[in-house]
Amino acid sequence: MLGIQNFKNRIAIVTGAGSGIGRELALQLAAKGSDVVITDIVRERIDHVIAELKRKGVRAEGYLVDHSKFEEVEKFSSDFFSKWGHVDILCCNAGIGAGSNLKELQLKDWEWVMGINLWGAIYMVHLFVPSMIDRKSGSVLITASAAGLIGIPGMAPYCTSKFAMVGLAESLRGELYKHNIKVSALCPGIINTNIIRDGKILFADKSGQTVQSMVEKFYSTFGVSPAIVARQGISALRRDTGIKVSPGFQMWPVYFLKRLSPTVYQALCRLLYKYVMFRDR
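Counting from 1, one number per residue, gives the positions in the sequence shown under our numbering.
Derived from the structure by calculation, the hints contain no laboratory data.
Here are the simulated BS3-like pairs of lysine-lysine, each with C-alpha atoms no more than 30 Å apart in a straight line: (1) Lys136 with Lys75; (2) Lys56 with Lys8; (3) Lys178 with Lys32; (4) Lys69 with Lys244; (5) Lys54 with Lys8; (6) Lys32 with Lys136; (7) Lys136 with Lys8; (8) Lys69 with Lys108; (9) Lys83 with Lys54.
Could you build the full structure based on these sequences and the hints that come with them?
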């Protein structure tokens, strides 16, 4: 089944679109002629992206929404439908990152990650997809992660949320096919976005200092441009691809290794976790 062949005059929602992949998805959808509604938790980011979208000659609007809070998402859905009527393209992109040893994690850290990443996507699906079913039309793009395909030591909450999001996308893809609704999961690797700066990195070196600045530098140096990832997301919508693994040297070799030999992959993970991440401890 083909996906979207003409994006012109479609109405799209992109969550977490104040920066990074979400911003690029919104801009590329607008460049193809779609009207775009975005959400974010930072008003300044929303205003900046809305100005960029309007310069492309499309209708655009932004909403301040914390996607971990159902009441805020519900209010957004009510306001959206009263003004826009329907949604053609739903991009569930809002998300945050976190890294820590299990022992140092607090329950609130788990709740924070799962609330924004997983429940944020669930709330959007719950409130917006039924209208797509009624119209027998629509496309859904869920921004998961390479960490939703391969388990990474030290990232248990993040991987848990992203594995669940891949499962959500795959489940809905099979179920909603009969309603002419396409569902895709976008699984990027290391991307040069704000996810580390906005997230929580609780790892520390042997002196007790956080390694967040080091991780930020690594992502900015080796991360793939979010524009490239967004193009892959648009491609998934156009081709109706179930799981779109974004390009980048960081992802494909490890992903194939896990598929070829899960045992070898786990051994490599243990080795790297012990001798690379914690060599100074």
